[in-house]
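Q: Each protein sequence line maps, in turn, to chains W and Z. Take 420 as the starting number for the first sequence in our numbering and just add one per residue. Take 420 as the starting number for the second sequence in our numbering and just add one per residue.
Don't read these hints as lab results, they were simulated from the structure. Just so you know, these numbers come straight off a predicted model, no measurement behind them. Any given hint could be a false lead.
Unchecked claim - One-sided excerpt, in silico: chain W residues whose CB lies under 10 Å from chain Z:
1. Lys496
2. Ala508
3. Ala564
4. Thr597
5. Thr848
Built from N, CA and C at the ideal position, the CB exists for glycine as well.
There are 2 protein chains.
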Amino acid sequence: MERQKRFLLNEDELPRQWYNIQAEMVNKPLPPIHPATKQPLNADDLAHIFAAECAKQELDQEHAWIDIPAEVLERYKSYRSTPLVRAYALEEALGTPAHIYFKNESVNPLGSHKINSALPQCYYCKQEGTTNVTTETGAGQWGAALSYAAKTFGLECAVYQVKISMQQKPYRSSIMRTFGATVEGSPSMSTRAGKDIITKDPLHPGSLGTAISEAIELATTTPNCKYTLGSVLNHVSLHQTIIGLEAEKQMAKAGEYPDIVIACFGGGSNFGGLAFPFMRHQLSAVSHQPSAPKIDFIAAEPSSCPKLTKGKFEYDFGDSAGYTPLLPMFTLGHDFKPANIHAGGLRYHGAGTIVSQLVKDGLMRGVDIPQLESFKAGMLFAQTEGIIPAPESCHAIAATIREAQKCKETGEEKVILFNLSGHGLIDMTAYDSFLNGDLQDFEYKG
Amino acid sequence: MERQKRFLLNEDELPRQWYNIQAEMVNKPLPPIHPATKQPLNADDLAHIFAAECAKQELDQEHAWIDIPAEVLERYKSYRSTPLVRAYALEEALGTPAHIYFKNESVNPLGSHKINSALPQCYYCKQEGTTNVTTETGAGQWGAALSYAAKTFGLECAVYQVKISMQQKPYRSSIMRTFGATVEGSPSMSTRAGKDIITKDPLHPGSLGTAISEAIELATTTPNCKYTLGSVLNHVSLHQTIIGLEAEKQMAKAGEYPDIVIACFGGGSNFGGLAFPFMRHQLSAVSHQPSAPKIDFIAAEPSSCPKLTKGKFEYDFGDSAGYTPLLPMFTLGHDFKPANIHAGGLRYHGAGTIVSQLVKDGLMRGVDIPQLESFKAGMLFAQTEGIIPAPESCHAIAATIREAQKCKETGEEKVILFNLSGHGLIDMTAYDSFLNGDLQDFEYKG
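Work out the full structure, taking the sequences as your base and the hints as a guide.
A: What follows is the structure in structure tokens.
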């Protein structure tokens with residue numbers, strides 16, 4: 420009866436460094452290049468729009484471990500470690516012999532993993548004398564986290580939120596306003612990029628691509644303002660590795676090691692955050708523990724936005740308007756308009772450069788989850804574990820359930836670890852649609 | 420720099436028993452009495468509407484410690500202990516020498532402390548062969564918690580939600596539906612009590628009193644159905660003592676002991692849950708540690724619904740229609756219609772019988788918080804600690820800030836502990852109103 424369900428770390432066990440997987444990859448990610456000159460960019464180039472320290476981290480292929488600044492660690496300690504939870508009730512409902520664990524990032528301030536990178540990004544901006552930050556946000560998890568982090572470090576904050584997500588989740592803009600941020604729906608009439616999009620397509624629902632264009636334009640045309648990004652880029656995944664580094668220690672406390680590691684996939688930050696620390700043991704002959712058990716790494720993306728399984732690996736813009744450098748990535752094309760699924764954080768045309776390289780190298784794989792399957796999985800998770808998952812996280816749960824059901828068929832007692840990247844309490848209109856039978860699947864038309 | 424902010428318990432340190440303060444009170448609470456006969460009720464009488472075990476606990480004035488059933492403990496372990504957090508950022512914003520701690524019940528499943536009693540109530544119902552449970556809910560925190568607990572133990576669940584709260588917080592009924600519950604706005608046309616209220620006052624916004632009447636009517640007219648309550652009653656506070664029992668151990672880990680203990684006050688369950696375990700050391704000469712430091716216990720109620728400070732101590736009904744037994748309590752009258760404040764969980768005319776006796780005996784006190792002051796406090800807490808508090812919890816925060824500001828004036832380094840009973844993510848319309856300047860104070864007109 421007295422089985423342990425939750426595993427936590429003491430404060431003195433919290434990781435003091437992030438893990439930079441780039442430094443240990445055998446095939447390094449290709450560099451970002453300038454769209455006109457086609458020359459690789461250096462950190463100075465990137466520092467025009469990002470905090471200089473983030474720009475440096477973005478291209479750092481030397482240091483596998485990067486110190487977490489004391490001021491950031493101090494903030495982490497107010498909510499970390501997050502619980503690693505054994506999902507006994509879900510296992511029982513599925514009748515699977517698999518052992519299912521989840522890392523519960525939904526109990527973080529603002530309800531998702533995003534705060535883990537918002538804090539260091541705002542800290543570095545403040546250190547470097549920046550007074551204003553701006554960003555894009557989809558479902559609003561990143562925008563909410565950034566708003567709070569900016570307030571924490573005394574920065575002004577302006578957020579471009581994808582218009583369709585803003586309409587679907589009105590509470591998220593209220594949350595950002597509670598932290599003193601200004602919020603605009605994207606595409607908006609407040610930027611050149613936004614005006615161009617609206618001119619061509621007045622009813623454009625927006626996407627992460629359009630919002631990124633607008634935020635970058637604001638950052639480059641406003642004095643003392645930096646752009647921040649909540650996913651896709653290498654330094655964002657770097658900050659998120661706090662998740663996997665904690666999880667590794669917590670799995671050891673549980674006396675188990677994962678056979679399968681799963682996270683939902685938008686740009687890659689919650690996936691990389693959980694997966695990279697585990698992946699370091701099987702990167703290649705240069706890895707620390709070449710004999711570690713081999714893990715199946717699964718990135719769960721929406722079947723209506725399937726860049727990992729149906730995208731092309733090529734240099735593409737990170738945004739819709741073509742303001743960003745060209746990035747080497749699996750992409751559906753920067754002008755791809757994602758279907759209006761409720762998982763706003765997954766409505767992005769490309770994959771981060773590290774993940775793209777790892778997929779090419781066969782170190783991980785993508786799976787495609789239809790919207791209805793994701794919500795069915797989310798409902799089962801809620802009813803068993805008592806946490807209503809974010810629509811994004813529902814994709815990870817659906818992929819987990821698929822694997823657990825395979826175990827049921829084969830009788831294998833595999834250990835599955837997934838990331839519960841956030842809760843869905845701001846997404847109840849999506850659940851309402853599901854309960855009312857109004858939700859639909861969208862096919863990808865390449 | 421490396422100061423500890425969060426204090427947690429290992430699973431083997433979790434309390435195994437609840438604390439029943441009734442058994443150690445010198446002046447026992449007066450008994451509930453039958454409205455017609457005026458005779459004290461016994462557990463068998465109460466078991467007509469409640470689970471028999473809950474009825475027994477309600478009147479138990481003998482056993483100070485009551486075992487938590489193994490099946491309930493198992494469920495507790497999936498989310499408990501909740502963190503005890505030192506609110507350094509709030510302290511710094513206030514410039515107070517006070518040490519402020521909060522018990523973070525907002526990270527519980529369904530986002531509030533309510534789950535702590537929903538689980539045992541449903542467990543006992545299931546054990547006793549009940550198939551259906553029903554209840555009232557204000558803001559919806561209790562209804563959501565009960566819906567999940569009912570699903571967990573395989574019971575059907577019907578919830579009467581206060582109509583004004585249902586309109587202010589539409590997401591909460593979606594949450595209940597996600598767990599398979601049926602939800603009706605109260606007053607409704609589905610019961611005799613509801614019809615009577617609507618006939619007299621077609622625009623009645625509802626209150627906890629009207630919803631209790633309807634739920635009790637459903638329970639007494641439906642086979643195999645029990646009524647459950649989320650606050651007010653002794654057995655509910657009993658279950659909530661898990662909060663204070665944990666907090667006591669966690670404060671010891673922090674190396675401090677509270678001078679002041681604060682919780683918001685609706686019916687008394689989150690207040691009693693935090694306060695009673697600390698209060699046991701100063702109940703009287705019969706207490707365990709008569710030399711323990713004396714704590715100032717503060718129940719923060721809305722100034723528009725001030726039963727502790729402006730109510731009368733007398734026998735009154737627990738509901739609007741007069742279906743409940745008569746309870747000895749501080750009350751504004753069972754036909755009192757609370758103002759439409761956003762803190763739906765505090766819109767109740769009476770105080771629980773234990774708390775009423777403790778107030779009479781001078782062991783605790785109430786303070787009245789205007790709605791605007793509560794939201795100002797909630798905003799400051801959100802911006803410093805990163806958690807948007809429920810409107811109910813904002814009252815506890817406002818009372819905490821008052822005390823912390825007194826410390827600033829006097830220079831005293833008092834230790835203040837308050838209960839963050841829930842988060843406010845479902846209450847963003849209230850914050851919107853505040854941010855838009857639309858929110859108002861309501862005066863109590865006795």
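Q: Find the hints from earlier in the document that the structure breaks and name them by number, from lowest to highest.
A: none
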